[in-house]
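J.: In case you want the letters, here they are:
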Amino acid sequence: MSRVVALAGRPNTGKTTLFNALTGLRQRTANFAGCTVEKAIGIALTEGAGVEIVDLPGTFSMLPQTEDEIVAFRFLSECVEAGADLLVLCVAEASNLENDLVLAAGLKAAGYPTALVVNMIDEARLNAITVDASELSAKLGMPVVLTSARTGEGIKKICSLLKPQAPHADLSRALDFQRAPQKRLHELQDSAVESARRAVLTAVTLPRKLVLATVSRSIRVDRLLMHPVAGPLILAATMFLLFQALFVGARPIMDFLSGLLSWAAESARAHMPEGAAASLLCDGAFPGISAVIVFVPQIAILFTMIGFLEQSGYLPRAGAMVDRALRPFGLDGRVFIPFLSGFACAIPGVMAARTLPSEKRRIVTILLTPLMTCSARVPVYTLLITAFVPATFRPLGFDGQGVVMAAMYVLGIVIALLLALALKYTALNEAHPLPATILPPYRIPSARELAHYVWARCWHFLSRAGQIIFLLSLALWALSSFPRDSARLGPLEAELAAAQAATPPDATLQLDLRARLASTRIEGSLLGRAGRAIEPVFRPLGWDWRVSVASLSALAAREVFVGTLGTIYALGGETAASEGLVKALREARNPDGTRRYSLATAVSLLVFFAIALQCVSTIVTVRRETGGWKWPGLQFSFLFGLAYIFSFTAYRLALAFGG
Amino acid sequence: MTLDAVAFNVTVRIRGFSGLGELDKTRLTGLGLRPGVSLTKILRTPLGDPIECLVGAQLLALEARLLPLIRVEIP
Chain A
0 MSRVVALAGR PNTGKTTLFN ALTGLRQRTA NFAGCTVEKA IGIALTEGAG VEIVDLPGTF
60 SMLPQTEDEI VAFRFLSECV EAGADLLVLC VAEASNLEND LVLAAGLKAA GYPTALVVNM
120 IDEARLNAIT VDASELSAKL GMPVVLTSAR TGEGIKKICS LLKPQAPHAD LSRALDFQRA
180 PQKRLHELQD SAVESARRAV LTAVTLPRKL VLATVSRSIR VDRLLMHPVA GPLILAATMF
240 LLFQALFVGA RPIMDFLSGL LSWAAESARA HMPEGAAASL LCDGAFPGIS AVIVFVPQIA
300 ILFTMIGFLE QSGYLPRAGA MVDRALRPFG LDGRVFIPFL SGFACAIPGV MAARTLPSEK
360 RRIVTILLTP LMTCSARVPV YTLLITAFVP ATFRPLGFDG QGVVMAAMYV LGIVIALLLA
420 LALKYTALNE AHPLPATILP PYRIPSAREL AHYVWARCWH FLSRAGQIIF LLSLALWALS
480 SFPRDSARLG PLEAELAAAQ AATPPDATLQ LDLRARLAST RIEGSLLGRA GRAIEPVFRP
540 LGWDWRVSVA SLSALAAREV FVGTLGTIYA LGGETAASEG LVKALREARN PDGTRRYSLA
600 TAVSLLVFFA IALQCVSTIV TVRRETGGWK WPGLQFSFLF GLAYIFSFTA YRLALAFGG
Chain B
0 MTLDAVAFNV TVRIRGFSGL GELDKTRLTG LGLRPGVSLT KILRTPLGDP IECLVGAQLL
60 ALEARLLPLI RVEIP
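Keeping their order, the protein sequence lines are chains A and B.
To convert, note that position 405 of the first sequence is 404 in numbering that gives the first Met the number 0; the numbers rise steadily by one, no gaps.
To convert, note that position 54 of the second sequence is 53 in numbering that gives the first Met the number 0; the numbers rise steadily by one, no gaps.
Next comes chain A alone, as it looks inside the complex (with noise of 0.2 Å):
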């Protein structure tokens, strides 16, 4: 077996940082055997192959209690049964090492092959505090390497540890952490405490000064961020500007790379003969592969901001803030994050509640995430808005459609907040979890740092729900194109292939004909079969089959709703809100002339997609979050539920006051 480094320590010490300046990108991300979190996986880059370099979740003790720490520890539990030969690097911050090295001490005592890492040396410098690193290497047992992973000083030190050992390192007596019973384990603890310290006492010298530089400095700017009255209003200013960041940063760049797909679809289709392989190519994989990148722009500059966050320290600090405001509904602070993120998408904010220090919590905050309105909801809001409500609608002479849509926004924080509330007088609820938080130094985020966090947010998206977004849009694709009703579509076609022929070509008859054609093969197909079947139950919705369909579809991505509603309305397969779509859904009449469309089904469409699970990626992951299918089925068929309730009621007051 190859020579396996582990990377472990504390939060915030710097472990992914280093693994990133030790691996580069060349790393990957892996599920191993029987765990539900993924690590981060890298190869050396100074020792070529055979040296894997495995970024460990953060740990506080020797007493693994959130699912990161079960994670890393299990970790080490599996290399010892597989006889790898395992080398644990220890990180710790060298302006924390009392605490950081209590780890160290601790794996030591346990009987692994452990090296420790004194990471953030520069800070520590600035602090004035100097670390003696053969006296601590004596102390310990163990190697000690100085470093500063952002700067590059000492990483080479640390390539020389990673070699790999002849003889493997022996793993004989090594401590099983999971097998092993408690008061063992707090044993440990305890002497890993008492070593540390008087590590600490004859190998750091401390300067005089009580309180450290870079505390001091932070508990400066915590006295501006946390004043009572500043505080608020400064958390609030940075929300806004993420928010607007997202929407009106990344909206031109979704135009333009959809834009530039639909375009080489349109192109693919001019220079490829008719048929089902022109129809897979740009019906099926353009579109597929435009609702997956649509969604990075977005994902980048949620991450960059989230990460700038992150890495200033000012993230923790927010969850503090709010955490007094959401103990009553049975969340606290650390939900914070996972929510915010749903804002963009629900797949981060799911992933982002593993950090939660306890597993009921962890469940709930999975459950709720989704119910923020993530970005994919947008197209699907501003269409309907756009459709139905008027532009004379002007409450208190504010856009009454822009109204509408942050109305939707806080309906979404509405509902999770209640159901947050309900769940706690179920099993899910917990009395509130570890009572302490570390609020970090405030440091400059490191562009190259936040780059690599952005690029493996991007990445993990693209490779993991990208997939199943593309292959679920190409299933998509095959349902709303077979079986085909030959006895519709031949005049048709032979129609298309005429105006083809015809000289001068008549382009706007063209793509008149291929427009029916589009909307003529998706009701005779299985997903507009699949719609009339299911029409009877959106019925009382106010919803017709074509909406049923449009609803179905957006399984697969919720946006993908506009535009099926696009090809339905033989408008091609458009994938914003355009005029040509909102004119036909204002228009659409029923065989005896009423509306089709009223503001009432635009009320019901809303309140739904507000509510329902309605996406496959979100369902993908809670499923691999929580290990199983039970929570991920749950959750789809409650909140169904829930929608369908709710959607019902709110059609029948919007009828009830004329809509």
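Treat the hints as calculated values from the structure; they're not laboratory data.
Be aware that one or more of the hints could be misleading.
What the hints assert, rightly or not - With the C-beta cut set under 8 Å, the calculated list includes, among others, these residues of chain B facing chain A:
(1) V9
(2) V11
(3) R14
(4) T25
(5) G31
Unchecked claim - Straight-line C-alpha distance at most 27 Å; calculated DSSO-like pairs for lysine-lysine:
(6) A:K629 to A:K423
(7) A:K182 to B:K24
(8) A:K582 to A:K629
(9) A:K423 to A:K182
(10) A:K107 to A:K208
(11) A:K162 to A:K208
(12) B:K24 to A:K423
(13) A:K582 to B:K24
(14) B:K24 to B:K40
(15) A:K359 to A:K107
(16) A:K107 to B:K40
(17) A:K359 to B:K24
(18) A:K107 to A:K155
(19) A:K138 to A:K155
(20) A:K423 to A:K359
Everything numeric in this text was worked out from a predicted model, so none of it was measured.
Here a beta-carbon is modelled for each residue, glycine too, at the ideal position from N, C-alpha and C.
Once you've looked at the hints, dock chain B against the given chain A.
T.: Coordinates of chain B only, in the frame set by chain A:
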């Protein structure tokens, strides 16, 4: 005395915990709240709770309900 009775900006030393389970104690120890470590209450967050404290060389946000459970002494 317990931490809730201590004024802000007064440095005290942690003596121990009362009324905390073994697991919670270990967890707090992991965070750096250990007997013998110095502690100073710095500020209240805008909603009054949690409270930012300097514990040893690091800043922690401690919930108000934890304060009466931490025994401290003025060194």
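J.: So, for every hint listed, does it hold in this structure?
T.: Comparing the hints with the structure gives:
{"no.": "1", "hint": "V9", "verdict": "13 Å, violated"}
{"no.": "2", "hint": "V11", "verdict": "13 Å, violated"}
{"no.": "3", "hint": "R14", "verdict": "16 Å, violated"}
{"no.": "4", "hint": "T25", "verdict": "5 Å, holds"}
{"no.": "5", "hint": "G31", "verdict": "4 Å, holds"}
{"no.": "6", "hint": "A:K629 to A:K423", "verdict": "19 Å, holds"}
{"no.": "7", "hint": "A:K182 to B:K24", "verdict": "14 Å, holds"}
{"no.": "8", "hint": "A:K582 to A:K629", "verdict": "43 Å, violated"}
{"no.": "9", "hint": "A:K423 to A:K182", "verdict": "32 Å, violated"}
{"no.": "10", "hint": "A:K107 to A:K208", "verdict": "32 Å, violated"}
{"no.": "11", "hint": "A:K162 to A:K208", "verdict": "41 Å, violated"}
{"no.": "12", "hint": "B:K24 to A:K423", "verdict": "25 Å, holds"}
{"no.": "13", "hint": "A:K582 to B:K24", "verdict": "64 Å, violated"}
{"no.": "14", "hint": "B:K24 to B:K40", "verdict": "20 Å, holds"}
{"no.": "15", "hint": "A:K359 to A:K107", "verdict": "32 Å, violated"}
{"no.": "16", "hint": "A:K107 to B:K40", "verdict": "35 Å, violated"}
{"no.": "17", "hint": "A:K359 to B:K24", "verdict": "20 Å, holds"}
{"no.": "18", "hint": "A:K107 to A:K155", "verdict": "23 Å, holds"}
{"no.": "19", "hint": "A:K138 to A:K155", "verdict": "23 Å, holds"}
{"no.": "20", "hint": "A:K423 to A:K359", "verdict": "11 Å, holds"}
Checked against the numbered hints above, the structure breaks hints 1, 2, 3, 8, 9, 10, 11, 13, 15, 16 and satisfies the rest.
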